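Participant: Read top to bottom, the protein sequences are chains A and B. Start counting the first sequence at 1; every next residue gets the next number (the UniProt record's numbering). Start counting the second sequence at 1; every next residue gets the next number (the UniProt record's numbering).
For the record, the hints were derived by calculation from the structure and aren't laboratory data. Treat each hint with caution, since some may be false.
Stated by the list, open to error - Each computed PhoX-like pair below joins lysine-lysine, with the alpha-carbon atoms no more than 20 Å apart:
(1) Lys165/B <-> Lys500/B
(2) Lys448/B <-> Lys382/B
(3) Lys274/B <-> Lys288/B
(4) Lys251/B <-> Lys333/B
(5) Lys203/A <-> Lys288/B
(6) Lys518/B <-> Lys191/B
(7) Lys425/B <-> Lys383/B
(8) Lys110/B <-> Lys211/A
(9) Lys207/B <-> Lys263/B
(10) Lys251/B <-> Lys322/B
(11) Lys98/A <-> Lys518/B
(12) Lys252/A <-> Lys288/B
(13) Lys212/A <-> Lys110/B
(14) Lys382/B <-> Lys359/B
(15) Lys5/B <-> Lys156/B
Note that the coordinates shown come from a computational prediction; the quantities given were computed from them, not determined experimentally.
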Amino acid sequence: MAELSGNLLYASFFLYLIATFLFGGSIQDKKGAEEKKQNKWAKLGITITIIGFVTQIGYFIMRWVAAGHAPVSNLFEFTTFFGMMLVGAFIWIYFIYKTPALGLFALPVAIVIIAYASMFPREISPLIPALQSDWLHIHVTTAALGQAVLAISFVAAIIYLVKSVDQTRSNKRTFWLEVVMFALMCTIGFVIVSSTFAMTGYKESITWVDKKGAEAELEYHIPSLIGPNEWTLADENQMKPLIEVPAIINAKKLNTVVWSVGAGFILYGLFRLIVRKRVAAFIQPVVKNVNLDLIDEISYRSVLIGFPIFTLGALIFAMIWAQIAWTRFWGWDPKEVWALITWLFYAAFLHLRLSRGWQGERSAWLALIGFGIIMFNLIAVNLVLAGLHSYA
Amino acid sequence: MDELKCECGHVNPTGTILCEACGKAVGNRQNENKLLDMRYEGSARRSQTYNKSIIDKIWNFFSSVKVGVSLIVIALVASSIGTIFPQETYIPSTIPASEYYEQEYGAFGKLYYLLGFHNLYSSWWYLVIIGMLGMSILIASIDRFFPLYRSLKNQKVVRHDSFMKRQRIFGITNVSNQEVNLEQITERLKKQRYRIREENGNILAEKGRFSRWGPYVNHIGLIIFLIGGLLRSVPGMYVDKVVWLREGEMKEIPGTNGEYYLKNNAFIFEVYDKGNKEDEAFVKAIEKTGTAIAKNYQSNVTLYKQEGEVLPGEKPQLQKVKDFEIKVNEPLKHDHYALYQVDYKLNEFSKMSFYLMDKKTEEKFGTLTIDLNDPKPSYQLKKGYSVELMSYFPDFEFKENGEPTTKTRIPNNPAFIFKMVTPDKPEGEVSFVAIRENIEPAGENVYKMAFAGVETRNATALTVRKDLTLGILFAGGIIFMIGVVQGAYWNHRRIWVKRKGEEIWIAGHTNKNWHGLKRDIALVVQTTPLFEPTDQLNEEKFSNKGEEISG
Numbered sequence: 001m002a003e004l005s006g007n008l009l010y011a012s013f014f015l016y017l018i019a020t021f022l023f024g025g026s027i028q029d030k031k032g033a034e035e036k037k038q039n040k041w042a043k044l045g046i047t048i049t050i051i052g053f054v055t056q057i058g059y060f061i062m063r064w065v066a067a068g069h070a071p072v073s074n075l076f077e078f079t080t081f082f083g084m085m086l087v088g089a090f091i092w093i094y095f096i097y098k099t100p101a102l103g104l105f106a107l108p109v110a111i112v113i114i115a116y117a118s119m120f121p122r123e124i125s126p127l128i129p130a131l132q133s134d135w136l137h138i139h140v141t142t143a144a145l146g147q148a149v150l151a152i153s154f155v156a157a158i159i160y161l162v163k164s165v166d167q168t169r170s171n172k173r174t175f176w177l178e179v180v181m182f183a184l185m186c187t188i189g190f191v192i193v194s195s196t197f198a199m200t201g202y203k204e205s206i207t208w209v210d211k212k213g214a215e216a217e218l219e220y221h222i223p224s225l226i227g228p229n230e231w232t233l234a235d236e237n238q239m240k241p242l243i244e245v246p247a248i249i250n251a252k253k254l255n256t257v258v259w260s261v262g263a264g265f266i267l268y269g270l271f272r273l274i275v276r277k278r279v280a281a282f283i284q285p286v287v288k289n290v291n292l293d294l295i296d297e298i299s300y301r302s303v304l305i306g307f308p309i310f311t312l313g314a315l316i317f318a319m320i321w322a323q324i325a326w327t328r329f330w331g332w333d334p335k336e337v338w339a340l341i342t343w344l345f346y347a348a349f350l351h352l353r354l355s356r357g358w359q360g361e362r363s364a365w366l367a368l369i370g371f372g373i374i375m376f377n378l379i380a381v382n383l384v385l386a387g388l389h390s391y392a
Numbered sequence: 001m002d003e004l005k006c007e008c009g010h011v012n013p014t015g016t017i018l019c020e021a022c023g024k025a026v027g028n029r030q031n032e033n034k035l036l037d038m039r040y041e042g043s044a045r046r047s048q049t050y051n052k053s054i055i056d057k058i059w060n061f062f063s064s065v066k067v068g069v070s071l072i073v074i075a076l077v078a079s080s081i082g083t084i085f086p087q088e089t090y091i092p093s094t095i096p097a098s099e100y101y102e103q104e105y106g107a108f109g110k111l112y113y114l115l116g117f118h119n120l121y122s123s124w125w126y127l128v129i130i131g132m133l134g135m136s137i138l139i140a141s142i143d144r145f146f147p148l149y150r151s152l153k154n155q156k157v158v159r160h161d162s163f164m165k166r167q168r169i170f171g172i173t174n175v176s177n178q179e180v181n182l183e184q185i186t187e188r189l190k191k192q193r194y195r196i197r198e199e200n201g202n203i204l205a206e207k208g209r210f211s212r213w214g215p216y217v218n219h220i221g222l223i224i225f226l227i228g229g230l231l232r233s234v235p236g237m238y239v240d241k242v243v244w245l246r247e248g249e250m251k252e253i254p255g256t257n258g259e260y261y262l263k264n265n266a267f268i269f270e271v272y273d274k275g276n277k278e279d280e281a282f283v284k285a286i287e288k289t290g291t292a293i294a295k296n297y298q299s300n301v302t303l304y305k306q307e308g309e310v311l312p313g314e315k316p317q318l319q320k321v322k323d324f325e326i327k328v329n330e331p332l333k334h335d336h337y338a339l340y341q342v343d344y345k346l347n348e349f350s351k352m353s354f355y356l357m358d359k360k361t362e363e364k365f366g367t368l369t370i371d372l373n374d375p376k377p378s379y380q381l382k383k384g385y386s387v388e389l390m391s392y393f394p395d396f397e398f399k400e401n402g403e404p405t406t407k408t409r410i411p412n413n414p415a416f417i418f419k420m421v422t423p424d425k426p427e428g429e430v431s432f433v434a435i436r437e438n439i440e441p442a443g444e445n446v447y448k449m450a451f452a453g454v455e456t457r458n459a460t461a462l463t464v465r466k467d468l469t470l471g472i473l474f475a476g477g478i479i480f481m482i483g484v485v486q487g488a489y490w491n492h493r494r495i496w497v498k499r500k501g502e503e504i505w506i507a508g509h510t511n512k513n514w515h516g517l518k519r520d521i522a523l524v525v526q527t528t529p530l531f532e533p534t535d536q537l538n539e540e541k542f543s544n545k546g547e548e549i550s551g
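With these hints in hand, go ahead and build the complete structure from the sequences.
Facilitator: This is the structure:
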């Protein structure tokens, strides 16, 4: 059952990849230029996307049956689910606006998210007592759906900016758009680095001295560029760390970050060398037929749809469950605070849009920041800021 | 200042920008060539009208969206600072905060502590930000709701030409030689659930007006929520205590003023077991983790209620209420109180047994068992033999001067000073006994206390919680959700159809989702001689993108 579930996830991953190319084809096809008139490519693209989505639901259900609980209880499961909800939200929005360009950008984001997710331990893990509640399913699924719909606004905003930012001159706008592209490359870099060393079964044992002065063991799965405090290698022939960090810094995590950013630089550098253009400039022709007003509306609409779902799932259901499991509905745990920050941010977004007329490009930049906050809450809060939600 | 009388005859309150009835600009603030600023229907808002007294100034400050958004951003940044390092509630209680932050996070940690960020969310300045945000929500809503309500209530079917022309969606069709079936148009609008008002062949079609109240409803919800948060500090609304109970022990539940008692019958701790059939799916995860993964923390308890008055020193009259199995996620709830499983301690020493023994012959002269939580001063053994407990240290350690002392009242490391009275030593011999230690302070003894065994039991910690603000908070949350859904999932759309001689004018307005409004209009005018009105925002004349604003 668990194996079948894993295979279904692979299948959906490849289906999304195929659908991305189909949406790419649909945009190249002149007949698809005008909005609302779907061409063959687009129809095929959305069909494959839906098949992929159903396949992933199959993965979800199979894993649920195998584990006896909804697979949303650790970082792999939650992030995969978030990717799935992103595809679901894309399908939903697609049927309102019928814009294939959205698929061309939303699916790659979902693919990267799912690939990122599978870098984390994938064993079916049992639920600790605090997670044994139906609220796990209710709270986590609603919160993920809310975040996914909000993420669609990011996807639309990227399309908006790729089209509207003038690539003939280099300025702050082109720079920040490239930063977003670079961040995407770093994520891909992380996936490539982790999976390459995982395939070769790389292992490195390091003994180090923690902040209390006690000796501790660390196992690296990618070569150590960053070594922990007073490191000694178990095997002399291993690569020696280049830099040693003090005990209060988590060397293993920093090492992973350095590798990912490094790989991101290489990928980005190669791209620039080969293409001799900014990434956004390279993509720009793809979106030349996109109607900016419509894309702006999609971005805004996704925030409008996603905000109430997010509030319900990530704040209200979260508070109800926290009252039951942790005795208090609110405890200023980092994950809680970052959910509040996300909520405050989108509240500000809506106020700026509704009452101060921040539309178009300004609104698109805000949507980018919003997605940044969501990703921060998903990744950094779990991995860096220790708290009650650090299950993975 | 006088009230403003519009040429259509409607009397508007002071400060009105667009006539409530016909929409003609009555204030002369707007450029004739630009699209109308339809925010709040151009109604008379207090904040835009008065700016003299100090109250006006405060009112205007808090009713500004700019100020509101700034406050949101400030709250957001402040909140994020509190997550850089854990808050004081999450650090181990064994180290004082003043040392912990520096020890764990170095100089930054020390600075963090000195700035008070370790208790950021209860700091006065954080509360001031939240308080100001609350003020802003309240005042901005009052400032906008009432004029907007008035304006939408007083609107007439026929709008002034200038109002029509300056709507974002606008179009004119000359119908001199064609028959236009207005009934068909009305029917189509009705089919799309527009409410229709007609007057002399002019139409006002409107739907989703209630979505305009969404923001005010959700703001009421937020204010109720904040009030709920404030009420927590009112005495009697909120109880937060912890009670430790050993197995078999019964205690008054703290915070209930002696009304309830709780007995711990058993504490159960279970882990996932890869040998267990039902945990089969988790074998890999269990092997990888290495340590045991907790499956269940459970306290089997009995709740008792105190009946009648109790005089001091008298035993309470207890009436059993119920048996319950408290687990994580399954608190015991009774009479506004809830008891939660929060902590536990396994295998705490409860009883220790010793033999009184002759050191040489190893002959035993009886056993004594000491209840570590309630030791007796002396224990009678065989005839002529007895043991006196001179001192007892439940959690023993040596003080710096070498004197024995106890760290806590919990029997983590019990130690005893015994006086052994025997027929041949009637004065008694003194012996100091601790775990794996036996000291004879007065020189060599004939007898000793030999360890015979220990009994252990589990203890459970339960949080006692009463929170009467929960209902208010929940109501606030529900109202917020209703308001936010009302405002986000519906749109307020209006379509005006005006007959003007041989022309038919169509104008449209929506508070958001223009795409949807255009689709609605397209469906209405298709197959009729009427042109689909254009989006003037996209045209040269009004190309002031980013400026156009909808209320």
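Participant: None of the hints should be skipped; say for each whether it holds.
Facilitator: Do the hints match the structure? See the list:
Of the pairs offered as hints, the one joining Lys165/B and Lys500/B holds, with about 13 Å between alpha carbons and a cut-off of 20 Å not exceeded. The straight-line distance between the Cα atoms of Lys448/B and Lys382/B is roughly 15 Å, inside the 20 Å bound, and the hint therefore holds. Note on Lys274/B and Lys288/B: the hinted pairing holds, with a Cα-Cα distance of about 12 Å set against a maximum of 20 Å. About 17 Å separates the Cα atoms of Lys251/B and Lys333/B, which keeps this hinted pair within 20 Å; it holds.
Distance restraint check for Lys203/A and Lys288/B: the Cα-Cα separation of roughly 15 Å lies within the 20 Å cut-off, and the hinted pair is therefore satisfied. For the proposed pair Lys518/B and Lys191/B, the alpha carbon gap of about 16 Å is at most 20 Å, so the pair holds. A threshold of 20 Å between alpha carbons decides the hint, and for Lys425/B with Lys383/B the separation of about 14 Å falls inside it, so the pair holds. Taking the CA atoms of Lys110/B and Lys211/A, the gap is about 16 Å. The hint holds against a cut of 20 Å.
For the hint linking Lys207/B to Lys263/B, the alpha-carbon distance of about 61 Å lies beyond 20 Å, and the restraint is violated. Between Lys251/B and Lys322/B the alpha-carbon distance is near 15 Å, which keeps this suggested pair within the 20 Å criterion. Between Lys98/A and Lys518/B, the direct Cα distance comes to roughly 16 Å. Compliance with the 20 Å bound is thereby established for this hinted pair. The straight-line distance between the Cα atoms of Lys252/A and Lys288/B is roughly 18 Å, inside the 20 Å bound, and the hint therefore holds.
A threshold of 20 Å between alpha carbons decides the hint, and for Lys212/A with Lys110/B the separation of about 17 Å falls inside it, so the pair holds. The suggested pairing of Lys382/B with Lys359/B holds, with an alpha-carbon distance near 17 Å, which does not exceed 20 Å. Under the criterion of a C-alpha separation no larger than 20 Å, the hint pairing Lys5/B with Lys156/B is consistent with the structure, at around 15 Å.
Going down the numbered hints, you'll see the structure goes against just number 9.
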